[in-house]
Structures are given as structure tokens and as C-alpha cells.
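K.L.:
So the chains spell out like this:
Number of protein chains: 2
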Amino acid sequence: MSTQIKTYLELVKECDTLPYPDEVEEYTRLTSEYYHFRLKRSWGHADEDVRSSYTTVGYILPSVVASMPWTDKFHVDHSVQTVSIPWPTATTGDNAHGDYETLAIAEQLELAREKDSIPILRKWRAEPYRILGLEDRREVRIARAGSAVFGVHTMGVHVLGFCRDNDGGMKLWIPRRSPTKQTFPGMLDNTVGGGLTADEDVVGCLAREAQEEASLPEAWVREHAKPVSTISYFSIRDERAGGPEEVGLLQPATQVLYDLELPADMVPQPLDGEVAEFLLWTPEKTIQALHEGQFKLNSAVAWIDFFIRHGYINAQNEPDYLELVARIHRRIWF
Amino acid sequence: MSTQIKTYLELVKECDTLPYPDEVEEYTRLTSEYYHFRLKRSWGHADEDVRSSYTTVGYILPSVVASMPWTDKFHVDHSVQTVSIPWPTATTGDNAHGDYETLAIAEQLELAREKDSIPILRKWRAEPYRILGLEDRREVRIARAGSAVFGVHTMGVHVLGFCRDNDGGMKLWIPRRSPTKQTFPGMLDNTVGGGLTADEDVVGCLAREAQEEASLPEAWVREHAKPVSTISYFSIRDERAGGPEEVGLLQPATQVLYDLELPADMVPQPLDGEVAEFLLWTPEKTIQALHEGQFKLNSAVAWIDFFIRHGYINAQNEPDYLELVARIHRRIWF
Numbered sequence: 001m002s003t004q005i006k007t008y009l010e011l012v013k014e015c016d017t018l019p020y021p022d023e024v025e026e027y028t029r030l031t032s033e034y035y036h037f038r039l040k041r042s043w044g045h046a047d048e049d050v051r052s053s054y055t056t057v058g059y060i061l062p063s064v065v066a067s068m069p070w071t072d073k074f075h076v077d078h079s080v081q082t083v084s085i086p087w088p089t090a091t092t093g094d095n096a097h098g099d100y101e102t103l104a105i106a107e108q109l110e111l112a113r114e115k116d117s118i119p120i121l122r123k124w125r126a127e128p129y130r131i132l133g134l135e136d137r138r139e140v141r142i143a144r145a146g147s148a149v150f151g152v153h154t155m156g157v158h159v160l161g162f163c164r165d166n167d168g169g170m171k172l173w174i175p176r177r178s179p180t181k182q183t184f185p186g187m188l189d190n191t192v193g194g195g196l197t198a199d200e201d202v203v204g205c206l207a208r209e210a211q212e213e214a215s216l217p218e219a220w221v222r223e224h225a226k227p228v229s230t231i232s233y234f235s236i237r238d239e240r241a242g243g244p245e246e247v248g249l250l251q252p253a254t255q256v257l258y259d260l261e262l263p264a265d266m267v268p269q270p271l272d273g274e275v276a277e278f279l280l281w282t283p284e285k286t287i288q289a290l291h292e293g294q295f296k297l298n299s300a301v302a303w304i305d306f307f308i309r310h311g312y313i314n315a316q317n318e319p320d321y322l323e324l325v326a327r328i329h330r331r332i333w334f
Numbered sequence: 001m002s003t004q005i006k007t008y009l010e011l012v013k014e015c016d017t018l019p020y021p022d023e024v025e026e027y028t029r030l031t032s033e034y035y036h037f038r039l040k041r042s043w044g045h046a047d048e049d050v051r052s053s054y055t056t057v058g059y060i061l062p063s064v065v066a067s068m069p070w071t072d073k074f075h076v077d078h079s080v081q082t083v084s085i086p087w088p089t090a091t092t093g094d095n096a097h098g099d100y101e102t103l104a105i106a107e108q109l110e111l112a113r114e115k116d117s118i119p120i121l122r123k124w125r126a127e128p129y130r131i132l133g134l135e136d137r138r139e140v141r142i143a144r145a146g147s148a149v150f151g152v153h154t155m156g157v158h159v160l161g162f163c164r165d166n167d168g169g170m171k172l173w174i175p176r177r178s179p180t181k182q183t184f185p186g187m188l189d190n191t192v193g194g195g196l197t198a199d200e201d202v203v204g205c206l207a208r209e210a211q212e213e214a215s216l217p218e219a220w221v222r223e224h225a226k227p228v229s230t231i232s233y234f235s236i237r238d239e240r241a242g243g244p245e246e247v248g249l250l251q252p253a254t255q256v257l258y259d260l261e262l263p264a265d266m267v268p269q270p271l272d273g274e275v276a277e278f279l280l281w282t283p284e285k286t287i288q289a290l291h292e293g294q295f296k297l298n299s300a301v302a303w304i305d306f307f308i309r310h311g312y313i314n315a316q317n318e319p320d321y322l323e324l325v326a327r328i329h330r331r332i333w334f
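Protein chains in written order, with UniProt numbering: chain A, 1 to 334; chain B, 1 to 334.
Think of the hints as simulated: they come from the structure by calculation, not from any bench.
Take these hints with a grain of salt, some might be off.
You can't tell identical chains apart in this list, so a pair holds if it fits in one copy or across any two.
Subject to a maximum C-alpha distance of 25 Å in a straight line, what follows is the list of computed DMTMM-like cross-link-like pairs (lysine to aspartate or glutamate) [said to hold, decoys possible]:
1) 6 x 136
2) 226 x 201
3) 13 x 47
4) 171 x 277
Generate the whole structure from the sequences, applying the supplied hints.
P.N.:
This is the structure:
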């Protein structure tokens, strides 16, 4: 079997698939297709113009806009390709505007599921995500399954686990995903990871996932996981992430990264069926598997960041180093 | 004396001053002023259209374009605001095209100095820098003093030095710049840093600078400096970086970062007069000085990256964390 060897930069571009604005033609062609999903910018702002203006918080495929049975809480304008939620005139309470928008989105997704208008909503995942990019940081929630439909910026946690030999050499804990997972079955992954729901904080999320996916003691993980960086990217979903009905969905995401050094006698064990097995690999073997494309796309990027931070990938041995470091930390403007 | 406290994001924006393309109005207003400095894209490319096309490698201020006594090796087009170096028809040899461009730039800067056309060239710094962003990676050189005039993407090295107490607590080696330095006199800085010249590699550069600026043994530094990341940004120069004649110059730059853990008994000492004194500070004291704006702008960003990698700044304690990490790794598209 011949395996195609991919450079680090090629791996990053497979995850961060939206072109950059300086690639004018392709960027414009792609982004001009999408509808802007917009919420009001800032409820508490002193300036009325700001208060009443909208800010883009997601990108929706035209086919989704066409199929969605929009409720009257949404305003769809085909001439400028926007989908907006106006505020009702009388709203009171601390997070009243956010609560109103949360409800509007929930009703919309509920209706779409009832009518089976959007095939990808058949794979319903109810966990509430928080919509990012709002200036006033008010809380607006969306069910996980709906985040890809509305193309909002979501957030997750990736934990990179490793241990050290007696001689200081590093070995990495690499899980192989269960062959029955909905997305990227059988591929290699970050040690532990998961999406951040609206009801938890980052450390709570990673400690819970470490327990559920790898049987690691939650309290110990809380204490020892070390925040180190983020990765961020705009993915255009292809078939590997789901099925043909998801192709083209835009998913901007940030993953918060934590390093976790495990003692030699603490061995991660699959628990909830998400992971088939945990492998203990040298950096060299892991890097080889990366180049062979054996990793889930965003987990490949998380490990690349790990190898940059730990000096394995550097300016002396990687011709794309400057572009690589910048590209895995893409600025998402909402 | 009251001190204005700056957030990390405000500090980063003081260094990375060019707006992003999504801030459409300001970005367009600013970038449309500059002339594109262009070189041929790729000499070895099979496609004639690619070979004969140009790529932007810098941005030049209109006032500089107007004052420069352009030689006939340069083609200035005011209608589309470009300054280009066409290739002569007959050129042979491995780096012949690069050598031709290097010579053209050197002659141009020489002429401008003779005629005293560009005031900032009075502060002449001759070290050759390499122009980044060329697809074929051919070598084109420009004198350091010219890099800001042509607005090319330059590269440097920042070393973040620290030591550990017996109880594992971290202390950072912070130099105060000499009060007689041309730029940012008396301000706090990275432990060791410098621009990368065309005749050295990154590790050679940092080891040399560590010797010259901090009296650290070159061979020991070579062995122990650990590559960890980069920072990258588009600076629009203001008066702090030089004088009034430099205001508005665009300087895209990438600094390659290295962590350097020093043994407790290895104490950096000023040597070449660039540094007034080395301070040994706790992270808390350093963070306080950062917020007070005591650091040279790009060194503040390098320390912010250090504090992110070492967990001091994280998603749980910093509301701007996502934006911050992305923003200090700006993608420079040439």
C-alpha cells in the first residue's frame, strides 16, 4: 500500500479550509455564497446606532436557508444574504435579549426537525453550545447539532497527554477512535477532547472528558492539566466529518489546548466506547503517522502545535515554520 | 504618578497596529495609501504566466516613493501604486535573479543616501536581511536600514530566559535597555534578541546575541535554547520606534521564540552596552510591568506568548484569551 506523505502545512490546510482574504478570488467566491447569520451587536451600548446594528456570528449555506421553515422571529433578506434575529421592542431582565435569541433558535431547530427540513439535524445532539463573538458577551445558546447549520464559532478542549521515560524521553498517549464513531471512525486523535457546553468551564469540561473517555481521575486531571495555547481554524466540512448532506457547512472553531503529563503508572483506559485503544508512541512514530494522514483533522493540528511548543518542529528543520505557526492560530473575527 | 493599566489585548494591538481585513473601512483606508513593492514571483516555475507575474513583498509609503531618486532598475507605476523590479532578459546562474535584485536594491539605497533623499536612511544599519515571501525561496538581500523603507517582512529571534528556585518557582531574566539606545531607550525587553541577518541561521543568531548582549556562553546557549513558537505582527511605526520621519512606515515581522532555562548560578551580564541591567523578577512582577506598558512593544508580545505557554494566561482567567492567542500569531501573507 502506498501512502501519500503530507507536509505539516498541507495537514493544517485540510483542517483550515477556508481561503484567506488575500487569496482574493477564491475567498470572495466562497464567502459570497454564504448567508450571514446576524445577531444584534450589543444590548447595553450607550450608542443607539451600535445597539441597533447587527454583527455576524455565523455563516449559513444557501441550501440551508432555502430549506429552513423560518419562523417569524427570524428576518431573512435574500437581497443582501442575511438571516437576522431582531429584538422585540419590550424586553427586560439581565440576559433577556440573550434568552429571547436562545429561544428563537431552539424553536427554529425544533420546527426544522419536526418537518425534517434539514437532513443533518436527524443526527440530533442536544448539548447547549454558547454562541461566541458577541461584544457584550451576553449568553445565547444553540444546540450542538444546530451549530454547524448556523455556522457559528464553537469552542472545545484538546488535551495532549504524555509521559516521560526514566531517561527523560517523551512518549505520547494517542487514542484510536472507535470504528463505530459517527465522525472520523478508526482514526488517531488527541488524548482527550470534547466540545465546551454552555453549562461548564474549560477545566470542568476537560476533566469530565478525561474521566469519561480515558478513565483518568477527574480531580487529578483538574490539578495537573496545564493550559498552553489554542488552535483555531475555519473548516468547510467534507464527507469525512459526517455525510454528503453536510458538505459545504462552514465551521469556525477554537480548541483550547492543555498539556497533561501523566506519571508512568497512570494508564488511560477506554471507558465510554468513544476510544478503541490507547497507544503509547514516541514523538517520531507519532510524527510519521501525522504525515501519513492517520489523524482526525483538527487533532493533527493540535499535535502539530504540541510538537512546535516542545521544539520538535522548529525554524531550523521546517521550511514552512513561519506560515505554519501563524496558520494554526487563525483569527476568527466573531 | 498615575499609570494607565493596559490589557494584554491592548498591548498586542499597540504592536500589531495594522487593522484586519474584516475591519473593512480602516483596513482599506490604510492599505490603499501604500505602494506595493513587488518582485517577480518564481524564476523556476514551469508556467510562463507565473514566472512573469509579480508578488508583493513589501509596502512603501507614498512620501517615500515621491522622495526616492528611482534608478532605471525600478519600475514605478503611480496609476496602480506599485514599485517593481523587472528582470533583465539575459540572466544566468543559480541565484542570478536574486543577485540582480539584491544589487538593484543596494544601488537604490546607496543613491538615496548620497542624495540624502530619505531622512531615516541617515541612521544606516548595513547588516543584510533576507526578503521573505518569495515562492521559489531565492535569496534577495536588503540592508537592515532599508527594510523599513521598503516595508518588507523581516525576521528576528527573541529569547525568553528564566531560572527556577529550589521549590520550582519561576523567575524571569528581564533586561532594561540602555538609556542611550536609538529605539525604546530605558524600556524593559526580552532577555536576548536580535534581527536575523542573511548570513546566519536562527540558532547561530540567538547564540551570538546571547554572548554579545548578556555574556552567556555561546556554545551552552546553542545547546539549551528551546524553540517554542513565533510571534508575528504588522507594525505601523510611530515615534517611539525612531523619530517623526519614520511615522507610518509599515513593518511586518516575525520573531522566532526560544525559551532558555538558566541554572541558578548562571547570571546574564551586560556586555555590549545595549543593556543597562538585568533584573530577576517573578512572573507576577513582570506581568504588572507589562500591564503598565514598561516593555518594548514586540517584547511585551513575546512575554505574553511566554505566559500563555506556561499557563499564567489562560481561558479561565483572561476574557480575551481566544482573540489574544490568534492575534499574536498574525499571518503575514508574504
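K.L.:
Determine which of the earlier numbered hints do not hold for this structure and return their numbers in increasing order.
P.N.:
As far as the earlier hints go, not one is violated by this structure.
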